[in-house]
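Asks: Take these sequences, add in the hints, and give me the full structure.
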Amino acid sequence: MTTPTPIDRAALDRRYELRHLRVGWVALLAFAAVGVLLELLHAFKVPWYLGVATESRRLLWTLGHAHGVALGLVNLALAATCRLLPRPLHPTASTMLVVATLLIPCGFLVGGAFVHGGDPGLGAILIPPGALFLLVAVALIVGSCRDPNR
Amino acid sequence: MESLLVWTLTGVAVALLLGRSRARASLLVATVLVASTAAGHALWAARARSRERSAEALRARVPQPVGDGGYVTSNACRACHPTEYATWHRSYHRSMTQVASASAVRAPFAGETLRSDDGKSYHLRRDGDELWVDISGVGARRIAMMTGSHHMQAFWLPGERGNAQIEFPFTYVFDDRRWVPRRDVFLVGREYGKDPSMWNRICIECHVTRGQPRFDARTDVPASAAAELGIACEACHGPAAQHVAANASPFRRVALHDGDGIDATIVNPARLPPARASEVCGQCHGIGCPPESWLQSGIRFRPGQPLAESKQILRQATLQKSACARQIAADASFAPSRYWSDGMVRVSGREYNALLESPCHQHGAMTCLSCHSMHASDPDGWQLAHDRDGNAACTQCHSAIAQNVSAHTHHAAGSTGSTCYNCHMPHTTYGLLRAMRSHQVSVPRVQDTLATGRPNACNLCHLDRTLAWTAAALERWWKLPPPSLTAEQRTVAASVLDVARGEAGVRALTAWSMGWSAARKTSGADWMAPYLIELLDDEYSAVRYIAYHSLRGISGFEDFAYDYVGTEEARFAAQREALARFSRARRPAARAELLFEADGRFARGELERLMAERREDDEMFLAE
Numbered sequence: 569m570t571t572p573t574p575i576d577r578a579a580l581d582r583r584y585e586l587r588h589l590r591v592g593w594v595a596l597l598a599f600a601a602v603g604v605l606l607e608l609l610h611a612f613k614v615p616w617y618l619g620v621a622t623e624s625r626r627l628l629w630t631l632g633h634a635h636g637v638a639l640g641l642v643n644l645a646l647a648a649t650c651r652l653l654p655r656p657l658h659p660t661a662s663t664m665l666v667v668a669t670l671l672i673p674c675g676f677l678v679g680g681a682f683v684h685g686g687d688p689g690l691g692a693i694l695i696p697p698g699a700l701f702l703l704v705a706v707a708l709i710v711g712s713c714r715d716p717n718r
Numbered sequence: 026m027e028s029l030l031v032w033t034l035t036g037v038a039v040a041l042l043l044g045r046s047r048a049r050a051s052l053l054v055a056t057v058l059v060a061s062t063a064a065g066h067a068l069w070a071a072r073a074r075s076r077e078r079s080a081e082a083l084r085a086r087v088p089q090p091v092g093d094g095g096y097v098t099s100n101a102c103r104a105c106h107p108t109e110y111a112t113w114h115r116s117y118h119r120s121m122t123q124v125a126s127a128s129a130v131r132a133p134f135a136g137e138t139l140r141s142d143d144g145k146s147y148h149l150r151r152d153g154d155e156l157w158v159d160i161s162g163v164g165a166r167r168i169a170m171m172t173g174s175h176h177m178q179a180f181w182l183p184g185e186r187g188n189a190q191i192e193f194p195f196t197y198v199f200d201d202r203r204w205v206p207r208r209d210v211f212l213v214g215r216e217y218g219k220d221p222s223m224w225n226r227i228c229i230e231c232h233v234t235r236g237q238p239r240f241d242a243r244t245d246v247p248a249s250a251a252a253e254l255g256i257a258c259e260a261c262h263g264p265a266a267q268h269v270a271a272n273a274s275p276f277r278r279v280a281l282h283d284g285d286g287i288d289a290t291i292v293n294p295a296r297l298p299p300a301r302a303s304e305v306c307g308q309c310h311g312i313g314c315p316p317e318s319w320l321q322s323g324i325r326f327r328p329g330q331p332l333a334e335s336k337q338i339l340r341q342a343t344l345q346k347s348a349c350a351r352q353i354a355a356d357a358s359f360a361p362s363r364y365w366s367d368g369m370v371r372v373s374g375r376e377y378n379a380l381l382e383s384p385c386h387q388h389g390a391m392t393c394l395s396c397h398s399m400h401a402s403d404p405d406g407w408q409l410a411h412d413r414d415g416n417a418a419c420t421q422c423h424s425a426i427a428q429n430v431s432a433h434t435h436h437a438a439g440s441t442g443s444t445c446y447n448c449h450m451p452h453t454t455y456g457l458l459r460a461m462r463s464h465q466v467s468v469p470r471v472q473d474t475l476a477t478g479r480p481n482a483c484n485l486c487h488l489d490r491t492l493a494w495t496a497a498a499l500e501r502w503w504k505l506p507p508p509s510l511t512a513e514q515r516t517v518a519a520s521v522l523d524v525a526r527g528e529a530g531v532r533a534l535t536a537w538s539m540g541w542s543a544a545r546k547t548s549g550a551d552w553m554a555p556y557l558i559e560l561l562d563d564e565y566s567a568v569r570y571i572a573y574h575s576l577r578g579i580s581g582f583e584d585f586a587y588d589y590v591g592t593e594e595a596r597f598a599a600q601r602e603a604l605a606r607f608s609r610a611r612r613p614a615a616r617a618e619l620l621f622e623a624d625g626r627f628a629r630g631e632l633e634r635l636m637a638e639r640r641e642d643d644e645m646f647l648a649e
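Chains as they are written, first to last, in this note's numbering: chain A, 569 to 718; chain B, 26 to 649.
Please keep in mind that the hints were generated in silico from the structure rather than gathered at the bench. Here the structure is a predicted model, which is why all the values come from computation and not from measurement. Any given hint might turn out to be false.
[What the hints assert, rightly or not] Computed footprint of chain B on chain A; a stretch qualifies when at least three of its residues, placed anywhere within it, have a C-beta under 8 angstroms from a C-beta of chain B:
| no. | segment |
| --- | --- |
| 1 | 613-626 |
| 2 | 678-684 |
[Stated by the list, open to error] Short, incomplete list of chain A residues facing chain B, as computed with Cβ under 8 angstroms:
| no. | residue |
| --- | --- |
| 3 | Ala598 |
| 4 | Ala600 |
| 5 | Val604 |
| 6 | Val666 |
| 7 | Leu670 |
The beta-carbon is built from N, C-alpha and C at its ideal position, and this holds for glycine as well.
Replies: This is the structure we're talking about:
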């Protein structure tokens, strides 16, 4: 990868900032709303969510909510810090983080919507690739933290 | 819908990955994502099909859950009552009937082969979470249901008609970690047949919640159903649909928490009047006369309602006046297999009958909940409430006795002789291959022993004493007039007479008491071996089982091997070996009442003489 000029770098950073700001806030909005929905399900003791037979759904949806909110915050953190990175952010890191923000929480939510006894539904198959994308994204961001003079 | 959502998410992810870029790496990652989703989809679908096939096959054969009558199952209870749910869930009530599965079974099902008397072989195996048996001449059959989970587990095979469940001919006994023929876990004489039971006719009454046998009145084919398999929340608290619906509102729940907590939409047995509270347990723990329609609609009892309206409890004194009088008159063994001759219940699982006959219930406020608790107890401690395991159960009412226990008991305070249960609730009921406490609160009297044959509390602990010794003590302490006794009753220990001449149920109780730690401490154990060895050859397999377990507790017999359902030759050989071991052991002191002569030798001839007087028609079974 060629090293961008300072002007290019600023434009690039601005693009990533905006992208992850949008994704982060949208994810926070969506998955915090899921949290509110889960609280309502608790308040009204909805058996479809709290019943013993649907224990997997409760777990998966809780995980979906938690991962969604956490990944939203990770996106916001990246937006806030990408200018500070010693090396420019790798474009694949940005894309993979966004895809992971979609696949992981949505995998939990869809997997929890169609549980089969103790097993999650088909949606759970989205979680492993999402996790892989997240790991790659984080690894690339770590790479961008390296000192450019070394 | 599920697939559509998954593929939509995958499509969005691919679009994001590719974006405006068509870089090779992006294409590769997107391709891998699509491929992994497709592979996962295929695997998931295959697994779902297999799971559905297995569930479908079982659904057609197993009594189905039905929600009529306002039952919602325990599934709905945990959200608000997690502690109560957890305490019930760990209890043996929950697992009284379960769908057979590898995750719930205690037996190995690891390729063992069992052989029945009729020559058939049964090869047991697992297939995933399913349990299977290959029966010679019949083929592979899937085990559909299991009952029991405390002492033993029985298994049920789908029958030919409807969803009938037919008894598997072997039972797995936990203590011994072995399979035994079904017949040999009951105290049953050879004269009595033991055809395979049908779960839908017997167990469904009490081993499920709101069981409905649903036998077709014309074809007699069952299409049985239940609100829930196992004895669940609604068996004791009643149907909960109204309660669940009302308490979906958080405002109502807050109001209840802030108020007295009493919710009229559900029954709490602890808040019922004493008679109604005990009837909740009595619906199953009593000898009942179900209405004629029960094989179609089941028992219609609801907690809080009078039990007599849906199921009459049969007390021996009123058997002839009961709705079942005709059936009882036609079955000469009905009363003897359930009651001692004075009407006291003698089989386990029927404690409500015993409570009804108890003065503490008749003249006081004693209920099942005076001692037991479903939620604040240890399931392995007979569900005795945490603060009622001991004299506290009795002294909550009999507080004056608690001031000076030994003045009442004439035994040292804190000793087993000063434990209320041991004198007033002795081990005179039988079930599950052991003696259990009578739940009829009574006073020990030699007269009762003479009239019924039932061992009295004193001689179940003082196994080495005669009836005359007991009668003298009761006269001295309680002014009970001594009964007239035969020469043998005056000179031979009561337990010895029970082993020699008692009927099978009495022999079982005596053999169990010989293994009871309190009795051994009181009576010594060095003299017991020859009697227990004698019972290794008892004609009742249940008596042999108990005798063997008691014998193993005696020094020198800890490693003694014996198969209580083995061949007669093998049992004789084991008995000979046991006698040889006893002859090598240190001889007990001379005691005429225990048939030990002056030189410490055992007078076996005298025991045989006494045994020769055992009644010829000693055929019985106990309907536990």
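Asks: Evaluate each hint against the coordinates.
Replies: Hints, verified against the model:
no.: 1; hint: 613-626; verdict: holds (count 7)
no.: 2; hint: 678-684; verdict: holds (count 4)
no.: 3; hint: Ala598; verdict: violated (13 angstroms)
no.: 4; hint: Ala600; verdict: violated (20 angstroms)
no.: 5; hint: Val604; verdict: violated (15 angstroms)
no.: 6; hint: Val666; verdict: holds (6 angstroms)
no.: 7; hint: Leu670; verdict: holds (6 angstroms)
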